[in-house]
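> Now for the letters of each chain:
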Amino acid sequence: MTAAIIQTRGLTKSYKGGKSKFALQNLDLAVEKGEIFGYLGPNGAGKTTTIKLLLDLIRPESGSASLFGLDARASSVEIRKRLGYLPGDLNLWKNLSGQHVIRYFSSVRGTPIPDYAKTLIEQLEFDPTKKVRSYSTGNRRKLGLILALMHRPELLVLDEPTNGLDPLVQQIFMGLMREAQANGQTVFLSSHLLNEVQAICDRAAILRDGRLLSVQRIDELSSSGFKYVKLTLRDPQPALILANVAGVEDIQVDGSQISLRLTGDFDPLLRALSGYYVVNMHVQEPTLEEIFLTYYGDRLANGSARNRQPTPEAK
Amino acid sequence: MVGAIFAETLRRSWKTALYWGLGIGFMAWLQIIVVQDTTLITQTAELLESVPPFLLQMFGGTSDMQFLATPDGYLALQFFGFILLVFAFYAAVAGLNITANDEDSGIMDIFLSLPVVRWQLVLTRVLAFALLSALVIGVTLTCMLIGFAMVPGIFNVEHMILATFNILPATLVVLTFTTMAAAIIQRKSGAMALTAAFIIGSYMLDFLAKAAPDTILGTLQKLSFFAYYDSASVVQNGLSPVNILILLAASAIFATVAMWRYQHRDIGL
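Respectively, the protein sequence lines represent chains X and Z. Its first residue numbered 184, the first sequence is counted upward by one per residue in the numbering used here. Its first residue numbered 45, the second sequence is counted upward by one per residue in the numbering used here.
Extracted from the complex, chain X is given alone in its bound form (with noise of 0.2 Å):
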């Protein structure tokens, strides 16, 4: 097993010191050296807390974080040194043009302009001689990623990054992000946009209202859980009863036609079937956004999302 480059226990967060105001509780994640990690939450989930506490922007109440094998607060400049940050809400001085702002991050951290800053600025067609007022939000945002990768850190945090970015800056993006990871950069990518993470990540967190609810590889993350099967029977069968059958819900009839969602084996199912001529059936994964939503939906969250424990060693 490589090393984790996040590691976070039992880190808790709360907003106005109350018990139910909690932004995250009681996080346990482990990020390996190398990967793309995706974190997928919607909004209010606690992306953005827990990206902050590992920053040390924010304080936890409880629980600890280390990246690099350092901990978060202790030792958080010599951390900020070996990483790359871009927030979800870019905000920059305004009356200042790109380039000056690529300087003077570049002077902070007490190095030149380095020379993939000016291949970013190639790559991505961004303009720095513009003021910063004057970018639009896709610019701006290319401007967050030249900031956050132009030093090659070890480790890029990003909040949302394709927010913004047209869809063929988002393939430069995709292209910029396998190219660190070649490169032994580790990323930790937060989004909401799931075709993103499972076009480019080898894992993905799920995160509902302060909570981990899993951590698989998104191979696995597809495959696992439910499937759609589609069942043209050649007759239409009113006396076919499948709801009661393990696994099977969702059930659409329409004529000689059954849609269902199946969870599990397809043995209940095909037993269920013995007795009719199936012409044809037609089984489909379910997309990364459909597993998503089943994470998110009120039935699961009481049910079959509870099964899922936290692997944060799954690679």
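Keep in mind that the hints were calculated from the coordinates and are not lab data. Positions of the beta carbon are idealized from the N, C-alpha and C atoms, including for glycine. Some clues are possibly wrong.
[As the list claims (entries may be wrong)] With the Cβ distance kept under 10 Å, some of the chain X side facing chain Z (calculated, not the full set): (1) K235; (2) R263; (3) D272; (4) N274; (5) F288; (6) I296; (7) T302; (8) I304; (9) Q306; (10) A331; (11) R335.
[What the hints assert, rightly or not] Away from chain Z, derived, C-beta distances all over 10 Å, residues of chain X: (12) R242; (13) S290; (14) R292; (15) Y299; (16) N427; (17) Y460.
With chain X held as given, fit chain Z onto it using these hints.
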């Protein structure tokens, strides 16, 4: 790293400081030039004779009619008597630039992801704005010196220079107090309100205590930084090292509390 922050703070704010200095300096220059008109001084002296002594004390810091009827006294009353309020406003605006503005606009989130020690950031910016405050005073003084050169032999220039320098320690008190307020309260609007209360409260306390020095206000006056500014006394007698030390000590305390608090609290909630 700290040097980069210091340089950037200066680079971004020196023009503003220059304009403040020129604006205040122009006001001072006008007051100096107008003193050439001896009729004005005579009429002012006649007017002051009809003013109750406690009002003179409140507005001019002294009820010494002989002094107030001189060009030095005129400048002490018409410029140094109120100019600290203007400098306090500059210092409050500058103090919000230490952390509050960047935090309020969300810039601090990304800026503090750089390897910056928070208390060093506060200290560096406080020092940069202290230097910029000195620049404002320096430009003001330059304008005054031009005025003095245009009306030679009228003013005690040495005392006027000292009275101008005397503005700096009290300005630093407001600068560091605003920084502390922003570090404690976190919200810019709250820091502004607290700073305004501090400035106006200090001014009123000093103002009223001068009118009624034998009441409890006379004791409480020591809590007002205006009491240690005491411009009329500086114009007459030169600087008071004790007053300057008290103001610098208060500034150091406020800055220390600000650094400690900013180092330990959550950012940008």
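> Evaluate each hint against the coordinates.
Verification of the hints:
Hint status for K235/X: holds, given a least beta-carbon distance of 8 Å to chain Z, under 10 Å. For R263/X, the interface hint holds, since its Cβ comes within 10 Å of a Cβ in chain Z; the closest pair sits about 5 Å apart. Hint status for D272/X relative to chain Z: holds, with the closest Cβ pair at about 6 Å, below 10 Å. Against a cut-off of 10 Å between C-beta atoms, the interface hint on N274/X holds, since the closest Cβ of chain Z lies about 4 Å away.
Against a cut-off of 10 Å between C-beta atoms, the interface hint on F288/X holds, since the closest Cβ of chain Z lies about 6 Å away. With a cut of 10 Å, the hint placing I296/X at the interface with chain Z is violated, because the nearest CB-to-CB distance is about 13 Å. Checking T302/X against chain Z: minimum C-beta separation of about 21 Å lies over 10 Å; hint violated. Given the 10 Å rule on beta carbons, the hint for I304/X is violated: about 18 Å separates it from the nearest Cβ of chain Z.
Taking 10 Å as the C-beta cut-off, the interface hint given for Q306/X is violated, the closest approach to chain Z being about 21 Å. Taking 10 Å as the C-beta cut-off, the interface hint given for A331/X holds, the closest approach to chain Z being about 8 Å. A least Cβ separation of about 15 Å between R335/X and chain Z goes past the 10 Å threshold, and the interface hint is therefore violated. Separation of R242/X from chain Z is inadequate, the least Cβ-Cβ distance of about 6 Å not exceeding the 10 Å criterion.
Its beta-carbon lying about 4 Å from the closest one in chain Z, S290/X breaks the requirement of being farther than 10 Å from that chain. Listed as outside the interface, R292/X is inconsistent with that label: its C-beta sits roughly 6 Å from the nearest C-beta of chain Z, within the 10 Å cut-off. Against the 10 Å criterion, Y299/X stays outside the reach of chain Z, whose nearest CB is about 17 Å from its own CB. Remark: the non-interface label on N427/X is consistent with the geometry, its nearest Cβ contact in chain Z lying 51 Å away (cut-off 10 Å).
No beta-carbon of chain Z comes within 10 Å of the beta-carbon of Y460/X; the shortest separation is about 63 Å.
Violated hints for the displayed structure, listed by number in ascending order: 6, 7, 8, 9, 11, 12, 13 and 14.
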